[in-house]
Amino acid sequence: MFALVDVNNMYVSCERVFRPSLVGRPVVVLSNNDGCAIARSNEAKDLGIKMAQPWFQIRHLQRQAGLVALSANFELYGDMSSRMMSLVGEYAPRQEVYSIDECFLDFDGVHGSLAAIGGDMRAKVLQWTGLPTSVGFGPTKTLAKLANHVAKTEDRKPGTYARPIAQVCDFGAMAPEELSRVMQLTDVGDVWGVGRKSSARLKGQGIQTVLDLVRADIATLRSQFNVVMEKTVLELRGTSCLDVDDAPAANQQIMCSRSFGAAVTNLQELIEVVSQFASRVAEKARDQRSVAGAVHVFVSTSPFRQNDRQHSPSGTLPLGRPSADTRVLIAAAVRLLAALYRPGFNYVKAGVMLVELQADDQVQGELDLFSGMDAAAEPSAPRDPSKLMGALDALNQRFGKGAVTVASAMRQEPANSNNSAGGAVQSRQEWRSPRYTTRLAEIPAVRT
DNA sequence: TCTGGGGTCCTAGGACCC
DNA sequence: TCTGGGGTCCTAGGACCC
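Just so you know, the numbering used here puts 1589 at position 361 of the first sequence, and the rest follows in order with no gaps.
Since the hints were made in silico from the structure, they are not lab data.
For clarity, every value in this text was computed on a predicted model and none was experimentally measured.
Heads up, a few of these hints could be off.
[Said to hold, decoys possible] Straight-line C-alpha distance at most 30 Å; calculated DSS-like pairs for lysine-lysine:
no.	residue 1	residue 2
1	Lys1352	Lys1380
2	Lys1278	Lys1431
3	Lys1431	Lys1459
4	Lys1629	Lys1273
5	Lys1273	Lys1380
6	Lys1425	Lys1380
7	Lys1273	Lys1431
8	Lys1278	Lys1385
9	Lys1512	Lys1629
10	Lys1512	Lys1577
11	Lys1273	Lys1425
12	Lys1385	Lys1273
13	Lys1615	Lys1577
14	Lys1459	Lys1425
15	Lys1425	Lys1577
16	Lys1380	Lys1459
17	Lys1273	Lys1352
18	Lys1577	Lys1278
19	Lys1615	Lys1512
20	Lys1380	Lys1278
21	Lys1629	Lys1577
22	Lys1380	Lys1431
23	Lys1425	Lys1278
My request is simple: use the sequences and hints to build the entire structure.
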């Protein structure tokens, strides 16, 4: 039996832990540039705010409906997440952390009432972290996901399923006819793995509900869609195709990209920001002990600025030898950028991606053809990049992000503020809360 | 004025091989 | 006029997830 545990409205719930006055009010958390709503409280959902809806379309609700907007505080959410995950992980032999706010648990071989265990989990996470969670159990991951969805829906809109569903929803303990009824009352698009496109196509064929999908002909679906759809249907029927993955492999790609606070046309500013991104992906690569075989860079104008000429080039540069050295990756990224850049365009976004990643201890060796030859002919490759980069990471760990950085990732001209990363490229973040749990200086004060 | 930032997997089609 | 029959590998693009 599998469980899916997730935090209700994760980012908003994290904020409410430290600002209880936000409980009961419509709250949204905004994306990096205060651009869109990426998390919504139930009250905000009730106002009709959609996921990823642009802020300028809903800002009037501040006055009209008392909507509160907060800038994303990922440092806080990440820390709250690891607290929640470690608590929940105690309950089952295997745990797969699936995203920042949810995990699968494998309860194979665990005895006792799952509903009781689930209730205990929720109570403990709530008491120890302040975060509200939902729990779903099912004989497959897809069913556990669905059970979780059902529990959450019932919590938010009681009566949806005619007969009440417990706060912890266990499909394993449900009579078959009751499970069918629940499936009949659930939209096919709510199934894990059925996205917008597939949902529309399925509905075009008369498959509206989860029950319709379960009863559809699997061979036909396989030929019309793909193996993913086939597995989804098998899982909904109780045949487990997906296992809990408690030792996920290292990422195959590492990306850092961002929209700018304002459009940028100047190459020098782009070089700075691309250098910062390259520096960040280099850190991430070293963190998972990988080296990259190639660097990919893109910049783009805004499709929303209809009067602007559009230009969104991208390119990939293979590295002679795989590397996670910040200097090597910045140099490659900047070279690419210079080749992609055209003057006169309003760029609003850029990104750096590392691809062809491999484990840093499995890099193919090289025959040193230069040894004994003209030393000046050899490219000035770093002698022992790992040592220097290790020191860099240690310093930044101890003294805070950005304490030591490569010069090209810094502002080239005196910044007009005391923030070294200022300028047009700087993200807007008007309403970010303190990083209560990860910075001593921002720890909440308790009055006595 | 103002529109997120990460990732994964699958498939089709082209290049290339013998 | 008539033009084989297998394979593999790579890439771009699409769909999906949160």
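- Task: Give me the numbers of the hints this structure contradicts, sorted from smallest to largest.
- Result: As far as the earlier hints go, 4 and 13 are violated by this structure, in ascending order.
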